[in-house]
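**Student:** This is what each chain is made of:
There are 2 protein chains.
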Amino acid sequence: MKLLEDKILSDGIAVNENILRVDSFINHQVDPALMMELGKELASHFKDKGVTKVATIESSGIAPALTCAMTLGVPMIILKKQPSKTLNSDLYQTIVTSYTKGTSYELTLSSKYITADDHVLIVDDFLANGEAATGALRLIRKAHATIAGIGILIEKSFQPGREKLTSQGIDVYSLARIKKMDKDYIEFIEE
Amino acid sequence: MKLLEDKILSDGIAVNENILRVDSFINHQVDPALMMELGKELASHFKDKGVTKVATIESSGIAPALTCAMTLGVPMIILKKQPSKTLNSDLYQTIVTSYTKGTSYELTLSSKYITADDHVLIVDDFLANGEAATGALRLIRKAHATIAGIGILIEKSFQPGREKLTSQGIDVYSLARIKKMDKDYIEFIEE
Chain A
1 MKLLEDKILS
11 DGIAVNENIL
21 RVDSFINHQV
31 DPALMMELGK
41 ELASHFKDKG
51 VTKVATIESS
61 GIAPALTCAM
71 TLGVPMIILK
81 KQPSKTLNSD
91 LYQTIVTSYT
101 KGTSYELTLS
111 SKYITADDHV
121 LIVDDFLANG
131 EAATGALRLI
141 RKAHATIAGI
151 GILIEKSFQP
161 GREKLTSQGI
171 DVYSLARIKK
181 MDKDYIEFIE
191 E
Chain B
1 MKLLEDKILS
11 DGIAVNENIL
21 RVDSFINHQV
31 DPALMMELGK
41 ELASHFKDKG
51 VTKVATIESS
61 GIAPALTCAM
71 TLGVPMIILK
81 KQPSKTLNSD
91 LYQTIVTSYT
101 KGTSYELTLS
111 SKYITADDHV
121 LIVDDFLANG
131 EAATGALRLI
141 RKAHATIAGI
151 GILIEKSFQP
161 GREKLTSQGI
171 DVYSLARIKK
181 MDKDYIEFIE
191 E
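Protein chains in written order, with my numbering: chain A, 1 to 191; chain B, 1 to 191.
Hint data in this document are derived by calculation from the structure and do not stem from the laboratory.
Fair warning: this is a prediction, and the values are worked out from it, not measured in the lab.
Take the hints with a grain of salt, since some may be wrong.
The list cannot tell twin chains apart, which means a pair is met if one copy fits it or any two copies do.
Derived DMTMM-like pairs (lysine to aspartate or glutamate); straight-line CA-CA distance at most 25 Å [unchecked claim]:
id: 1; residue 1: 81; residue 2: 187
id: 2; residue 1: 49; residue 2: 187
id: 3; residue 1: 49; residue 2: 117
id: 4; residue 1: 142; residue 2: 191
id: 5; residue 1: 183; residue 2: 171
id: 6; residue 1: 183; residue 2: 90
id: 7; residue 1: 49; residue 2: 6
id: 8; residue 1: 81; residue 2: 106
id: 9; residue 1: 49; residue 2: 90
id: 10; residue 1: 49; residue 2: 11
id: 11; residue 1: 164; residue 2: 11
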């Protein structure tokens, strides 16, 4: 999507071959009008897939998931990173390990909000190694729901996340796909 | 705001005199159309106050802050709960202690995104003891910005948060103000 690629080129900061800072419009400061356009574009791609819920992982995915869910006219579900104090049989939980960050967290979903009747679109800001998306998939499968696809703002296409997901037959739609980057250099995959 | 009060009465769960669950439309599952209406109402109250940025605390405040910022046509800033690994002089930080939850966290703001030129509206989902809002105020003051006000979805008016804020001369606008609650009982303050 040219709008997002242009924004990344003008306002993103490529720190090295792995780190892209988008603090000024996605992660820390958020441009609401841009988020609405990005959410609409994700919704447009998945509009005929029978999506019943949009799920995201707190917290950077919330803004694009909300605008996407708003456009599709379905609820958004926030998969929670903090373990609930009131652990019970109504919660699905899974551990997500980020190898790049060297951290783990527990991802939680209440069984009330995603059920076997749901066809779920996962939306997140970044796709790199695919750990978060894979964790979200595990939770949604625990709920016996089906996966409509995965919508991503920025994909680091040189990392294995997309391959892990598409090899399971999942439709992954990323608005900007970075082929290669380095300090002050960003190259996108041409669609 | 009648729309939110009615939603709380129909879908909220008053567990006891202190705990209100709104998991099904605000915290865990989010109703995007409702969030747009709530954001518009907050924006409407503050529209003539010269707001330049809407700030919120991750993560339950992001949805109403985004729709409010979208309506006002200004950026949204997400105050981050996790300490940044790259601590440096460009970050403002403060510790927020939640006495009810018995937890503390570090709230972080990059100095790039709120400056002395900003007039900031803080938006959050709940106001109870006011610890989170007070932490947000501290960060915004560290940035030498001024406060346009505080917009809240649900205020537990029987707790001291509002008084702590209004006693500093801050305009606090809450869409639903709970006077009293108990198991399966909720009473609002009539405006």
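**Student:** It remains to establish, for every hint, whether it holds in the given structure.
**Tutor:** These are the hints, each one checked on the structure:
{"no.": "1", "hint": "81 x 187", "verdict": "neither (32 Å within a copy, 32 Å between copies)"}
{"no.": "2", "hint": "49 x 187", "verdict": "neither (31 Å within a copy, 42 Å between copies)"}
{"no.": "3", "hint": "49 x 117", "verdict": "within (14 Å within a copy, 46 Å between copies)"}
{"no.": "4", "hint": "142 x 191", "verdict": "neither (34 Å within a copy, 45 Å between copies)"}
{"no.": "5", "hint": "183 x 171", "verdict": "neither (31 Å within a copy, 45 Å between copies)"}
{"no.": "6", "hint": "183 x 90", "verdict": "between (46 Å within a copy, 20 Å between copies)"}
{"no.": "7", "hint": "49 x 6", "verdict": "neither (28 Å within a copy, 33 Å between copies)"}
{"no.": "8", "hint": "81 x 106", "verdict": "both (6 Å within a copy, 16 Å between copies)"}
{"no.": "9", "hint": "49 x 90", "verdict": "neither (28 Å within a copy, 44 Å between copies)"}
{"no.": "10", "hint": "49 x 11", "verdict": "neither (33 Å within a copy, 29 Å between copies)"}
{"no.": "11", "hint": "164 x 11", "verdict": "neither (29 Å within a copy, 38 Å between copies)"}
Checked against the numbered hints above, the structure breaks hints 1, 2, 4, 5, 7, 9, 10, 11 and satisfies the rest.
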